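Asks: Here's the letter readout for the chains.
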Amino acid sequence: MTHVVSLVFGLEALALLSDPFPNGIEHYLLGGLLVGLGTAVIYLGTGIAAGASTFLESTLSYVSSLSRFEQYRASRDWRVVFTLGIVAGAAIYAVTFQSGFLSSSLHQTATTGELYDVGGFTLWVTDVQPWRLLLGGVLIGIGTRVGKGCTSGHGVCGVGSASSASFVGVATFLLVAIGVAQLVAAVGVTP
Amino acid sequence: MADHESHPLFLPLVFVGGLIFGFGLGFSHMAQPEIVLNFLLLEDLGLLFVMFGAAVVTGLVFFIAPAGIGRAPLTGRAYGRRLKALDRNVVIGGGIFGVGWGLSGICPGAAYASLGVGNYAILWGIVGMFIGAYVQGYWRSSDLETGTATAGAD
Chain A
1 MTHVVSLVFG
11 LEALALLSDP
21 FPNGIEHYLL
31 GGLLVGLGTA
41 VIYLGTGIAA
51 GASTFLESTL
61 SYVSSLSRFE
71 QYRASRDWRV
81 VFTLGIVAGA
91 AIYAVTFQSG
101 FLSSSLHQTA
111 TTGELYDVGG
121 FTLWVTDVQP
131 WRLLLGGVLI
141 GIGTRVGKGC
151 TSGHGVCGVG
161 SASSASFVGV
171 ATFLLVAIGV
181 AQLVAAVGVT
191 P
Chain B
1 MADHESHPLF
11 LPLVFVGGLI
21 FGFGLGFSHM
31 AQPEIVLNFL
41 LLEDLGLLFV
51 MFGAAVVTGL
61 VFFIAPAGIG
71 RAPLTGRAYG
81 RRLKALDRNV
91 VIGGGIFGVG
101 WGLSGICPGA
111 AYASLGVGNY
121 AILWGIVGMF
131 IGAYVQGYWR
141 SSDLETGTAT
151 AGAD
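Chains as they are written, first to last, in our numbering: chain A, 1 to 191; chain B, 1 to 154.
Bound conformation, chain B alone (with noise of 0.2 Å):
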C-alpha cells in the first residue's frame, strides 16, 4: 500500500480536510486542556458528543462509500474501515496514553489545534510527544528486524 498520491487535487485536499478537522476542535474547546480535564474529572461531559458525533459521521461515511463509490477519486484507493489487529499493545498501550491523557488533558489532534488558538505552551506537549514517539521507535526498532511490525495509519 505505497502513498504514491501524485494527484494536483491530494495534498489540497488533505489540507482542507484537516482544516474543517481544526476548525471542529477549536469550536468545540477540545484545544482547551482544562475543558478535557473537566470532562476526566467528570464535571462537563460534553465531549462525548465531540468523539461521538465525529464517530458517526465517519461512521456513515466510512460504511457508505465502499457500497455507492468505487474507488476514491483522487488516490484510485479502495475504501476500507480502519482495522487493527487487536492484541496486546492495543491494551498496554492504550493504557499509557491514557495516563498521559489523564495528566495533561492533551491528545495528539487536540495539541496541533490547541497551537492554532494562540496556546503557545502547548509546545510542551507537542514536543514531549515527538519525545515518547522517537522512544517508542527505539524499543521498537530492534523488533523490527524479527517482522513484529505493523503499519498504522493514525
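Isolated chain A (complex conformation) (with noise of 0.2 Å):
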C-alpha cells in the first residue's frame, strides 16, 4: 500500500513537472476573475461578503425549527437568490459557450464526463460515482458549516480579507482534500 501510494505520488510528480498546466491557464484565470467580480458587485453594492455554503444552513431554516439555524432566518431569502443566480450564471455559460454558440480563444471545452444534447443546447454531465458525490457532499455540509467556510467564503472572501482564519482553513481542507484524492485513487476508485 505504501509503495503503491508512493509510486502514484511519484509519478504525479514526474507529470506535474513536464507540465503542470496541460489545459492552459487561460480559462481558469478567467473565470477566477470573474468570481471575483460576481463576489465584488455584491460586496460593493450591499456590504456583504457573500459565501456559498451558509445557505445550507439558511435554507434549511425554512423547514427546520433547529436553534442552529435560527441565526440565518434574515439572510435566507437573499441567499436563495444568490444561489439561482449562480445556477443560472452557469447555465448561462452552458447555453453559450458550452453549447458553441459563442467561442473564445480562451475558452476550453470540457475534456472529462459526458455531453448530451437537449434542445440543440449541449449539457454536461460527470461520471463521478454517486456514492463519492453523495458521501462526499455529506462530509462537505458538515465540515464548511463547523468549519466556517468553504472554498468560496474561506479561499475567495477570508484569502481576499487576509484573515488568519481563512488562511488556516484553506491550507487545512487543501492539504487534506490533496491527501484523501490521492488515497482514492491509489485504491482504485475511478472517477
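The set of hints was computed from the structure by calculation and includes no laboratory data.
Treat each hint with caution, since some may be false.
[Stated by the list, open to error] Beyond 10 Å from chain B on every Cβ pair, some chain A residues (computed):
hint, residue
1, TYR93
2, SER105
3, GLY120
4, GLY188
[As the list claims (entries may be wrong)] Okay, the calculated beta carbon distance ranges per label pair:
hint, chain 1, residue 1, chain 2, residue 2, range
5, B, LEU45, A, THR109, 15 to 25 Å
6, B, GLY68, A, GLY188, 49 to 59 Å
7, B, PRO12, A, SER103, 27 to 37 Å
8, B, PRO8, A, GLY100, 30 to 40 Å
9, A, SER105, B, ARG81, 31 to 41 Å
10, A, GLY119, B, ARG81, 39 to 49 Å
[Stated by the list, open to error] Interface residues of chain A toward chain B, partial, derived using beta-carbon atoms under 10 Å:
hint, residue
11, SER53
12, PHE55
13, SER75
14, VAL87
15, ALA88
16, GLN98
17, THR172
Predicted, not measured: the structure shown is a model, and the values here were computed from it.
Think of the CB as a built atom: it goes at the ideal place given N, C-alpha and C, for glycine as much as any other residue.
Join these two chains into a complex; the hints should help.
Replies: This is the structure we're talking about:
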C-alpha cells in the first residue's frame, strides 16, 4: 500500500514537472476573475461578503426549527437568490460557450464527463460515481459549516480579507483533500 | 446585524452577482468534479488560478471600498473584511470538508454551478450537503443554548 501510494505520488510529481497546466491557464484565470467580480459586485452594493455554504443552513431554516439555523433566518431569502443566480449564471455559460454558440480563444471545451444534447443545447454530466458525490456531500455539509466556510467563504472572501482563520482553513482543507484524492485514486476508485 | 434589506435593487443585485459568479465557475470548469479531482491529484494545477484570481479581485475591492466609499448604497452597511475567529472548529471543520472535497471533487458553490451546466448527477452531492448541514445543525443546536454560537456569512 505504501509502495503504491509513493509510486503514485512519484508519477504525479513527474507529470507535474513535465506540464503542470495541460489545459492552459487562460480559462481558469478568466473564470476566477469573474468569480471575484461577482463577489465584488455584491460586496460593493451591499457590504456583504457572500460565501456559498451558508445557503445550506439558511435554507434548512425554512423547514427546520432547530435553534442552530435560527441565526440565518434573516439572510435566507437573499441566499436563495444568490444560489439561483449561480445556477443561472452557469446555465448561461452552458447555452453559450458550452453549446458552441459563442466561442473564444480563451475558452476550453470540456475534456471530462459526458456531453449530451437537449433541444439544441449542449449540456454536461459528470462520470464521478454517485456514492462519491453523496458521501462527499455529507462531509462537505458538516465540514464547511463547522469550519466556518468553504472554498468561496474562506478561499475567496476570507483570503481576500487576509483573514488568518481563512488561511488556516484553506491550508487545512487543501492539504487534506489532496491526500484523500491521492488515496482514493491509489486504491483504484475511478472516476 | 439584522438583514432588513428592503432596497428594491438589493435582491436583483445579489442575483446579478450570482450570475457572474456562476458563469465564472462554469467557464473555468470548476463545475466539473473531474477537473477539481485532477487538481487534487496534482495533474492540472489550473484551480490555483481560479481561487487566487478570485481572491485577488475581492481582496482589492475589500481593501479599497472601506477607504473610498462610505457605506454600501443598498444596505447602509459599513464595509468590513470577512474575519472569523480562528479556533479548533476551523481546523476540525476544514479537515472534514477536505475529506469530502477530496473524495468527490465538489464544493458548495461549484455544485450549484454544476447543476446549471446540466449535471443532474450533482443532485446526489447537493442532497448530501443538506444532510450534512442538518446533521451538524442537530448536533450543535444544544450548544446554542450555552451561547457558543458564531454567526457566519459563508
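Asks: Kindly indicate which numbered hints from before are broken by the structure, ordering the numbers from low to high.
Replies: 1
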